[in-house]
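Colleague: Here is how the chains run, residue by residue.
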Amino acid sequence: MTKARNLSLLSTVEAGATTDQTKADLNAIGVSGGRKNLIINGGFDVWQRGTSFTTSAGYTADRWQLQLSGGTSTVTRQTFTIGQTEVPDNPTYYLKANTTTGNNNCGLFHPIEDVRNGSGKNVTVSFWAKGTNPAGGVFDLISSQRFGAGGSSNVEITTPLTITSSWVKYTHTFSLASISGKTIGTGSSLTLIIRQHQNDTGTAAWELNLANVQVELGSVATDFEHRSFGEELALCQRYFYRYQGATQEQIYNENNGATAKWWFLTFPQMRATPSATFSSGWVGGSIVVIGGTINSMSVGGASPTAISFRVHNSGAGGTVKSLYHTDSFSGDYCYLSAEL
Amino acid sequence: MENQTAWITSCKSQDSGWLVNGTMSVPNDPANRDCADVLAWIAEGNTPAPQYTDAEIAANAQAELNATSQAYLDSTDWYVTRHAETAEAVPADVTTARAAAREAIV
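In order, the protein sequences belong to chains A and B. Quick note on the numbering used here: the first sequence kicks off at 12 and runs consecutively. Quick note on the numbering used here: the second sequence kicks off at 2 and runs consecutively.
To be clear, the hints were calculated from the coordinates, so they are not data collected in a lab. It cannot be assumed that every hint is accurate.
Claimed, not checked - Here are some chain A residues pointing at chain B (derived, C-beta under 8 Å):
#1 Ala269
#2 Pro279
#3 Ala287
Note that the Cβ used here is the ideal one computed from N, Cα and C, for glycine as well.
Start from the sequences, fold in the hints, and give me the full structure.
Modeller: Given below as C-alpha cells:
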C-alpha cells in the first residue's frame, strides 16, 4: 500500500468521525489525537518531590494530591515487574496509597486546571486499579467542577467504585454540567477524586493502587495516551519545579550587610508566581571570598518565570556590587510550587 | 482548592510576600494557592510579623558599618606605611578618621 493510499483512507475515516463509535474505530486502527489525556502524569512517571508521602493536602506524584481527612495513609511509587502483562503497554510505575486508618473523604485528588475543561460535555475516566476497599465497601469516584476562589460553588458527580485484589481497567463517563451562568474565580479546576465516601467514617484499612489514569472528552475510553518523559515533566513543571543546585552558583554582593547578597533563579513559566522552599542542605555553606555562613534564604522579588533570593549570610568580606560564587548549593534542591 | 489556614503556624513579611512556617516563601500573588491561604489567614485577624526584628536591623547596620570602616582602614594603610618608611606625617584628618573607624568596628 502506498503512502498516498494510506492518507486517503485516513481522510475518509476522519471525515466520518462524528460519533463516539467512529472515534473508537479510529482508536482501534491506531489513530488518536495528541494531548487527549487531560490528566497530567497519569502514568505516574514523574515524582519530583520524592517517592513516599504521608502529609495531608500535600502533593505526592506530580499533580496527585493526598487528602487524609483524619485518616493515615502512605503514598509511594511502586515499580511494575518488567514484562508483566496484567496492565498492558509496559508502564514503569504505579501509585500505591496504603491507608492504615481510613476516614471519610480520605483519598487522592487530581486537579485539571480550568473548570471550562469538559463543561457541558461527556468526559470519560479510565484507569487500572487493584487493592482493597474502605470500610463501607466502595470508593467514591468523583468529578468535581471547582470554580476557584471567589467563584461559584463546586458541582460534583459521584459514582461508586469497587476494586478487587487484581488489576482491572475501570471506566466511567461523567456528563459534566454546563458552566453557563457560573462565576469562575481564581484557581478553578475540573478535579478527579478517588476517595472514601463522605459518609463512610469507618477506620478500616484500605489500599488503592492506580496505573495509567486518563480523562478524555467523549464517552469512549480509548487507549492510554503515552507521552515522553520529557513532555510529561514539562507539563508537570507548570505546577511544580525542582531546581537542583550546582557548583559555582553566582552570588551578587550588593553591599556588606548580612541580608544584601542575592541569588537569582530563572525557570520555565509556571501557572502563577510560585512559593519557594529549600532542601535542608541548602543553608550552612559559605560564599567564596565573602566568607561567613549562609543562614537562610528569602524572596526579594518573584514572577512566574524568575525569583531573586536574599542570601542571609554572616560574612562581610569582598567588594560591594561585585559577583562572587558559592559551591555549597551543589546537589541541593530549591522547590517551586504553583499548584492549584 | 478552598482556602485553608490551619497549616499556617507562623508568618512574617518578606520583601515580596511572606515567609510561612519558617521555611516557605509565599509570593504576593492571589493566583498562588499558598498566597490565597495567607490572605485568608490575615482576613481572620492575624498579622504577619515584621521582616526583621529590631535586633536583626541593628546587627545588619553594624555589619555594614564594620565593613565600611574596615574598607576605609584598608584604603588608608598606605599613609601609615609611608610614615614608617619615610617619616612623612599622616594627615591629621586621616588620623582622626582612622581612629573613628577603629572605634566603630565591633
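Colleague: Using Cβ atoms only, decide whether alanine 269 of chain A comes closer than 8 Å to chain B, and label the hint accordingly.
Modeller: Holds: closest Cβ of chain B sits about 5 Å from alanine 269 of chain A, inside 8 Å.
Colleague: Given a cut of 8 Å on the nearest C-beta pair, is the interface hint for alanine 287 of chain A held or broken against chain B?
Modeller: OK, holds: alanine 287 of chain A within 8 Å of chain B, min 4 Å.
Colleague: Can we keep the proline 279 of chain A interface hint, with Cβ of chain B closer than 8 Å?
Modeller: Hint on proline 279 of chain A: violated, closest Cβ of chain B at ~17 Å, above 8 Å.
Comparing the model with each earlier hint shows a violation of hint 2 alone; every other hint is respected.
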